[in-house]
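Taken in order, these protein sequences are the chains called A and B.
For the first sequence, full-length UniProt numbering assigns the number 1 to the initial residue and increments by one for each residue that follows.
For the second sequence, full-length UniProt numbering assigns the number 1 to the initial residue and increments by one for each residue that follows.
Worth flagging that the hints you see were computed from the coordinates, not collected in a lab.
Since this is a predicted model, take the numbers as computed values, not measurements.
Check the hints yourself; a few may be wrong.
Identical copies go unnamed one by one, so any copy, or any two together, can satisfy a pair.
[As the list claims (entries may be wrong)] Only pairs whose alpha carbons sit at most 30 angstroms apart, straight line, appear in this in silico DSS-like list of lysine-lysine:
no.	residue 1	residue 2
1	K107	K58
2	K166	K63
3	K166	K113
4	K113	K16
5	K92	K113
6	K113	K58
7	K92	K16
8	K58	K166
Protein chains: 2
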Amino acid sequence: MGRPIVAECLDQIFLKARTHTKWQDRPVADDLLRRIIDLTVLGPTSANQSPARFVFVKSPEAKLRLIPLLSEGNRAKTLAAPVCAIIGYDMKFYDHLPRLFPHENAKAWFEGKGASVLETTALRNGTLQGAYFIIAARALGLDTGPMSGFDQAGVDLEFFGGTPVKSNFLCNLGYGDPAALRPRLPRFVFDEISAIV
Amino acid sequence: MGRPIVAECLDQIFLKARTHTKWQDRPVADDLLRRIIDLTVLGPTSANQSPARFVFVKSPEAKLRLIPLLSEGNRAKTLAAPVCAIIGYDMKFYDHLPRLFPHENAKAWFEGKGASVLETTALRNGTLQGAYFIIAARALGLDTGPMSGFDQAGVDLEFFGGTPVKSNFLCNLGYGDPAALRPRLPRFVFDEISAIV
Numbered sequence: 001m002g003r004p005i006v007a008e009c010l011d012q013i014f015l016k017a018r019t020h021t022k023w024q025d026r027p028v029a030d031d032l033l034r035r036i037i038d039l040t041v042l043g044p045t046s047a048n049q050s051p052a053r054f055v056f057v058k059s060p061e062a063k064l065r066l067i068p069l070l071s072e073g074n075r076a077k078t079l080a081a082p083v084c085a086i087i088g089y090d091m092k093f094y095d096h097l098p099r100l101f102p103h104e105n106a107k108a109w110f111e112g113k114g115a116s117v118l119e120t121t122a123l124r125n126g127t128l129q130g131a132y133f134i135i136a137a138r139a140l141g142l143d144t145g146p147m148s149g150f151d152q153a154g155v156d157l158e159f160f161g162g163t164p165v166k167s168n169f170l171c172n173l174g175y176g177d178p179a180a181l182r183p184r185l186p187r188f189v190f191d192e193i194s195a196i197v
Numbered sequence: 001m002g003r004p005i006v007a008e009c010l011d012q013i014f015l016k017a018r019t020h021t022k023w024q025d026r027p028v029a030d031d032l033l034r035r036i037i038d039l040t041v042l043g044p045t046s047a048n049q050s051p052a053r054f055v056f057v058k059s060p061e062a063k064l065r066l067i068p069l070l071s072e073g074n075r076a077k078t079l080a081a082p083v084c085a086i087i088g089y090d091m092k093f094y095d096h097l098p099r100l101f102p103h104e105n106a107k108a109w110f111e112g113k114g115a116s117v118l119e120t121t122a123l124r125n126g127t128l129q130g131a132y133f134i135i136a137a138r139a140l141g142l143d144t145g146p147m148s149g150f151d152q153a154g155v156d157l158e159f160f161g162g163t164p165v166k167s168n169f170l171c172n173l174g175y176g177d178p179a180a181l182r183p184r185l186p187r188f189v190f191d192e193i194s195a196i197v
């Protein structure tokens, strides 16, 4: 630590990385999906809660179950993407804390708490992991296309039925077509959204 | 894109990066804080909402305002850290969408929506940006110490009073003392939390 990573790496994970909607006809190996998760789980969560859960929708059969649950603008690009990951969070994440955070009784901090506290906690920490997932995929050479527009209750039922997992967002994975990119949308600059006090 | 970043970079942002609680007596320049934000804002959010807001608590005076609002276990490490960032999210993020997402009337998708939809949307996208922030800081050579244990209403009043910004989580920044690290806590493996369908 102590020094920035080399420019090519900063380019790949932030500066030149873009959200893709058009995909090359190039498959994504299952091994690469495993490596994304191996990196993702290392990122920090509060009390090591690690609530995120992942379903990689890759087969034509699974794609057919997912596509009708997407908002119309998300269907064609998801059908064309080699993989669409469903990023969810486990509302009973605390059941695993005796193993994940063994030095304190962290399960007792959450068990029996109201749905709104649990929902906020699982959403916050599951979303941190969702962002680690995006960066990990980019770091491994993939392009990403995260999406919010879908029928959450429908996806929960179809892909997480009978479990305490709720869907959070979706993320297409593959090798994007750079020729299809438009200019990056505007971003805030430091002084608009930040202060040093 | 198409290839993984070099091993040293993967180490720095994921494999060897750790949450720190002990800090070297080495300051963090304001320019480095600016560079973290310049990278953070590039990460994707739904409809480019970009709801995250940042206060870098750096001066002794500002630290004294923050410390009493932290849970007791977070006080000493935050006092010792060169900087503590408050990561918040703007509940009126949609006011900026005509500029950030100019090709559609995205403001109308959110304005007047119920507090729970807005809260979930701002929390989800603000937290994605919070994770980009952690990775950006690591990529620039800093160590991080994210924390959830604090009085959110108190921090909102003290640092975001009179604005629609709510605090999400805190993150100490600096150069950690590697000698103070304990072994990494356990993580899930792929098959426990993931499936390819």
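Evaluated hints:
{"no.": "1", "hint": "K107 <-> K58", "verdict": "neither (34 angstroms within a copy, 34 angstroms between copies)"}
{"no.": "2", "hint": "K166 <-> K63", "verdict": "within (19 angstroms within a copy, 38 angstroms between copies)"}
{"no.": "3", "hint": "K166 <-> K113", "verdict": "both (17 angstroms within a copy, 22 angstroms between copies)"}
{"no.": "4", "hint": "K113 <-> K16", "verdict": "neither (43 angstroms within a copy, 34 angstroms between copies)"}
{"no.": "5", "hint": "K92 <-> K113", "verdict": "both (11 angstroms within a copy, 29 angstroms between copies)"}
{"no.": "6", "hint": "K113 <-> K58", "verdict": "neither (36 angstroms within a copy, 35 angstroms between copies)"}
{"no.": "7", "hint": "K92 <-> K16", "verdict": "between (37 angstroms within a copy, 29 angstroms between copies)"}
{"no.": "8", "hint": "K58 <-> K166", "verdict": "within (20 angstroms within a copy, 38 angstroms between copies)"}
Of the numbered hints stated above, those contradicted by the structure are hints 1, 4, 6, listed in ascending order.
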